[in-house]
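Participant: What follows is the residue order along each chain.
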Amino acid sequence: MIKKWIENEAGNLVDDIVKINDSELLEHKLSGFGMKNKVIEIIKEINACFFPSIYESHAIDEEYIEIYVKKRINSIAVKLNGIIREVFVNMCHDDKNNMNVCDHCKNKADAITIKFMNSLGKIRRILSTDIVAAYNGDPAAKSLEEILLSYPCIEAITIQRVAHELFELNVPFIPRIMTEYAHSQTGIDIHPGAKIGKYFFIDHATGVVIGETCVIGNNVKLYQGVTLGAKSFELDIDGNPIKGIKRHPNIEDNVVIYAGATILGGDTTIGEGSIIGGNVWLTKSVPKFSMVYNNTPDFDIKRMKERNS
Amino acid sequence: MIKKWIENEAGNLVDDIVKINDSELLEHKLSGFGMKNKVIEIIKEINACFFPSIYESHAIDEEYIEIYVKKRINSIAVKLNGIIREVFVNMCHDDKNNMNVCDHCKNKADAITIKFMNSLGKIRRILSTDIVAAYNGDPAAKSLEEILLSYPCIEAITIQRVAHELFELNVPFIPRIMTEYAHSQTGIDIHPGAKIGKYFFIDHATGVVIGETCVIGNNVKLYQGVTLGAKSFELDIDGNPIKGIKRHPNIEDNVVIYAGATILGGDTTIGEGSIIGGNVWLTKSVPKFSMVYNNTPDFDIKRMKERNS
Amino acid sequence: MIKKWIENEAGNLVDDIVKINDSELLEHKLSGFGMKNKVIEIIKEINACFFPSIYESHAIDEEYIEIYVKKRINSIAVKLNGIIREVFVNMCHDDKNNMNVCDHCKNKADAITIKFMNSLGKIRRILSTDIVAAYNGDPAAKSLEEILLSYPCIEAITIQRVAHELFELNVPFIPRIMTEYAHSQTGIDIHPGAKIGKYFFIDHATGVVIGETCVIGNNVKLYQGVTLGAKSFELDIDGNPIKGIKRHPNIEDNVVIYAGATILGGDTTIGEGSIIGGNVWLTKSVPKFSMVYNNTPDFDIKRMKERNS
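Protein chains in written order, with my numbering: chain U, 427 to 735; chain S, 427 to 735; chain L, 427 to 735.
Rather than coming from a laboratory, the hints here were simulated on the basis of the structure. Watch out, some of these pointers could steer you wrong.
Pairs count within a copy or across copies, as identical chains cannot be separated in the list.
Calculated pairs, PhoX-like style, for lysine-lysine (alpha carbon to alpha carbon, straight line, at most 25 angstroms) [unchecked claim]:
id, residue 1, residue 2
1, Lys-657, Lys-496
2, Lys-672, Lys-710
3, Lys-714, Lys-657
4, Lys-497, Lys-464
5, Lys-624, Lys-672
6, Lys-430, Lys-497
7, Lys-445, Lys-470
8, Lys-464, Lys-541
9, Lys-532, Lys-430
10, Lys-470, Lys-429
11, Lys-462, Lys-497
12, Lys-657, Lys-728
13, Lys-534, Lys-548
Nothing here was measured: the structure is a model prediction, and the numbers come from that model.
For reference, chain U alone in the conformation it holds in the complex:
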């Protein structure tokens, strides 16, 4: 029966799906080319380059680390350059028509790749501060190696700091694919646009959302389920959302935000050294060194009859 269906009916379904794809992507050139998987592969290579003793598959001797790091760096540069070129070429409509790589796209991609590669040392140095913040921030952490081997916040912030660099260099698609990979692995959703200071730590990870235009200072600590989000957003005269406005809060240095707290709005600033309690819902600024907490736990307790189960 299935064989018959394939012979006689599958053709209609093929036509149907091709037609829908055509109509949908009319204005958008095809830019997939397995990009998602390639970007994820690069992110894994960057991890292995940053933390070779953790991610390489042998217990490598100190004297060989250099060889491993070098191999990874060369591979990252070549692969990333390839993807960025493909993205620019696919977006460059004229060029698409003759299928040759235009020199402008190629040069732009190369320049961006080199700027990005030269930023990796700086990123790695900031990640050292994040590892220390995790160790100091969690009594359950027994060593720095344990943090590297098993703390999801390190994976999430590594990827976000890398993606943010590409975001600042105006690379389309790739940064967001990176942070969504982190989101899928860790439950932490940080937009590549967010600016985040040193010594950043998120404990327990799942459910954290940090929006595109957030600005976060140094030494900030979040717990699971914290949202740093937008209040609502403006529509343009056609009823479409206006893109690119500052919509997410500012968190100053040394702030702690406990589990499930929600802080919203582009003009909301949490002043330096403040502590925001669990489940607090905040849509306006608080001054430096504020302690914000839900007042009297508002629940009732009833005694039930004893029950067996």
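Once you've looked at the hints, dock chains S and L against the given chain U.
Facilitator: This is chains S and L only, laid out in the frame that chain U set:
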């Protein structure tokens, strides 16, 4: 030492685990056969069939799309048919005994496969509306391609719409394996039984739970952490939960539900055009065009002494 | 351009990253050796050993189950022994210098491996109770097989019970890598240190956090987003967190905790048979058979003007 343990003691452990498995599955025939991995493979093929320009591994020319889609569709039909046949045969106890595929199971599996395959065009068309809803619903979205490449809600709703079709065709196991794969990838837990209208969007994704008997209208938008769940459930006279009752809410057209809101109960209906604020806890219906929000933010702010860290 | 960068500039980046790694791991010997992937492989083998009819790739006949289980058990024993040896040797500084496996490390690793292997029958037997708890706890569950094939709580609790055994045997790194793998797959974050009784069920899974020093009785049921966490923690005189204090709550037998509830503190005990309502925030003990719930739903409803969208 380990070699000795394997020679002398491992046997007891083997016996023990085999015995536990035997006792547990006495009434249930074996229906695993690597089904989970096979189902996940099919879901990935359906994605590639629906969005070839995103998921295929080359930047494919418009003229070749048809070939790719055709290959995927044939593969999906054959593989899915194989799994559905195996499920029905494994559940058909009589047949199990002589290990031949009974004609009834085979024909039923074939008929269901064909009905399902013929629904894929309709599903793909609805997914076009979800992509538009995501673009209109998030100011951070820069293009439709970005949404396809990096928005977890698209992966979750694609899989749920596919799984729902199989659920409606009374295919056991497979729909739920599909939606739990989506849950694992995206943090969005939508039961395959839920009925969901067009233009559906979930922003930030993580922690959303939508129960089996939910009915959701067109143009509904949710944020992270929203639960559309059950209040509590009836037990039968043996103390077991009664299955198959309407336990989850109805959400009418054009409703927006903000982060962390919880809406419970099978006779709870959120009227058309309503807005439910963040963290609201609702267990009864609200009329059309309601705006429901937590009143006065109930927290206190204290000034702390300045502290260094 | 990229070729030139690799020839002329990549060397500086290599030096930079090697230097950072050196300085960071000065006190810590290298203990990565691809450990993370190896540990994940072992966890998958344990799953296949526990539930062969679900995880093996053929619809296996009852008479062959024994062969499959035996193969898995031998493989688990050998692989785990290898990793535990590597961890102990890498942590044994003296030994590291001459690169020979010291007999003490080897014997300790062997003894631990055997103790662990001998506990697998006990763990599997407890998992049978968890499967029953899931079936009884969710009206949407249609069969035990459906639970094994698609309930994330089963994956999470299987891994945690295995990791807890290794945690109790003082194996470093490995238990936490296991539970973080479960966290990544299911959104459930249970520390390997937590002690959990029989018949444990978590519905919908995502966002649950259970801390290191939690003690949970029999027949406890949680919903998504529940936190069993720490209040705050003591710092030692150098300002570092004091490790190893009881910081997380006790949950007695037959307790149900609804979605989003937060229970904090090492001296907080939820008495037997209690029900904790959704979103409740509790930082002190409640007696047996308490029902704790947020009082009067505190929200307002406004009627909006009808709007089109």
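Participant: What are the numbers of the hints the structure violates, in ascending order?
Facilitator: Hint 1 alone not satisfied by this model.
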